[in-house]
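Asks: Next come the chains, spelled out residue by residue.
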Amino acid sequence: MNIKIENLFFSYNDNNILENINLEFKRGNMYALLGRNGSGKTTLIKLILGMLTAKRGVICIEGKNSKKIVTKELSKLIAYVPQSEEAIYGIKVIELVVMGRNPYLNLFDMPSCKEYELAQKALEDLGIGHLSQKNYCEISGGERQLVLIARALVQNTKYILMDEPISNLDIRNQHDVLEKIKNIAKNFNIGIVISIHDPNLAMRYCNRAVLLSGAKVIHIGKTEEILSKQSLLEVYDMKFEVLNSKNGINFVSL
Amino acid sequence: MSINQYKNVFMNLHRLILGETISDPTILILYKVRLPRILLASFVGAGLAISGLVFQQVFKNPIASPDILGVTSGASFGAALGIVLPFEFPGIIQICAFIFGMLAVTIAYGLKKASKDNNILYLVLSGIIVSAFFSALLSMIKYLADPYEQLPSIVFWSMGGLYRANWTNAIGCGLVVIPSIFIINSLRFKLKMLSLNDDMAKTMGMEVSKFRNCILCLVSFVVCFCVSISGTISWIALIVPHITRIILGYKNKNIYWIASIIGATTLILLDDVARCISTTEIPVGILTAAIGAPVLGYLLIFKKTI
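As given, the protein sequences belong to chains A and B, one line each in that order.
According to the working numbering, the stretch in the first sequence is residues 1 to 254, in order.
According to the working numbering, the stretch in the second sequence is residues 1 to 306, in order.
Derived by calculation from the structure, the hints in this document are not laboratory data.
On a predicted model such as this, the values are computed, not experimentally measured, just so you know.
Don't be surprised by glycine CBs; every beta carbon is placed ideally from N, CA and C.
Just so you know, nobody snuck in bad clues.
Below, computed lysine-lysine pairings styled on DSS-like, alpha-carbon distance capped at 30 angstroms: (1) K121/A with K192/B; (2) K4/A with K180/A; (3) K253/B with K114/A; (4) K68/A with K192/B; (5) K46/A with K182/A.
So, partial list: chain B residues that the calculated Cβ filter (under 7 angstroms) puts toward chain A: (6) S186; (7) F189; (8) M193; (9) S195; (10) D199; (11) T203; (12) M204; (13) G205; (14) E207.
The calculated label-pair distances, taken between Cβ atoms and stated as ranges, are: (15) Y12/A with I92/B: 47 to 57 angstroms; (16) N247/A with I247/B: 56 to 66 angstroms; (17) S139/B with N7/A: 53 to 63 angstroms; (18) K253/B with E24/A: 43 to 53 angstroms; (19) E117/A with G174/B: 35 to 45 angstroms.
Hey, can you work out the whole structure from these sequences and the hints?
Replies: Put into structure tokens, the structure is as follows:
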């Protein structure tokens, strides 16, 4: 089962953002969405989540047309981690994480002890269990990002879409967060799609990559295979060298 | 109960409870005037306070109040219309106030729907438009009203007061306000989720627009019902949520009940002051505004809750 996108087309007025997109995201893999600013990475994520409506094309999630999946059911299949979330004054970390259980609660339900236990476990899985009683607006940017990932984990979905989740983090936190995301994909058999700017981080942590340029997908496949000198030139219109490092992971240099 | 004249009415409460014949004037005052008035003040205060709290949460704005959707303007116009209508029957002012208060909210929602945009800002703008429209109609009625009888009645109604209290409207108000508090309290987890970005809440399975519309309709109904009986009592809905947050903090599972209790207590106390401050009763809406404005200033400068 997968997320399958066929002939997807989206435009803002006359400005084509995505044209004839055909993609497939499978569980257990970590996909890097790479492309220049305005190449349609965020739009693609929002289309899959149903925040935007495609002009043409079909998005099938687990074999079902996403337009026919109601909000609650969709939220049991796909979770979303935004680039950042406004600090909600006065809310505790555990309260924010337990919101991820909303798809499993009815209108008048309150989260039970079991839901809070799940939220605490997700925080502990990410190594931030000690933050649960802290105020969300009092923790650091990196910790906040992990909290948002914990909330997505608590949602217990088959896929997690992440829109530049590390763009506000320092280099150490970027590696820490990506390492944890990589383990999540592997350990929980979750399909993760992550919009990212740094090809080196994509090389290191994502086993699949999707390159977007000129409103189209120009390459899709194994990261080490498609992130080449030529493809990077096509995407970024800039010459890069792809070098081999001692640990066997390629890296990109100017 | 014992404030103002007839201070010994409270001492006679047990006689009323024991079922003594209600013929003594003291008991009559207690039964026919003060008890329903206290009950009405508590229900109206609670209703306005909880509505204000919900509006502030839904609009993510600490100075949001139920007036934002034009309820008060609509109800004021309705009441004025009820006063100038050439025929009379009991409760016509309240009925007109209620109908036009709800009509204002409905038009605000209609305008927002016509804009085909789920952004809450459109709802606020629609509320401003509706409010301005009904204010203009109210001015028109004031201009055309008889200046010796109708105009003073319209002005007096718009100042707000609990002098219309009787058992019927007190119980009616309770039947609207108390179940609403129960419903709102049961929805507190969803209301907390509204503090998130709309798209974010949607990815967690929340039908944001539907839920928000339903909860706003519920609190608008409560406000409309209260305003149709008491007239415009401003500031309670704005100030009480802030006082509650100062006492309880921002997130507390009992916040809706406590806000209701504080709203009820505040209006009972202010109504007592309104009855006693001079030889004649002054409209409590004047007092709530006179006290509410400096309190808001105090909260703005010293408590940083705004």
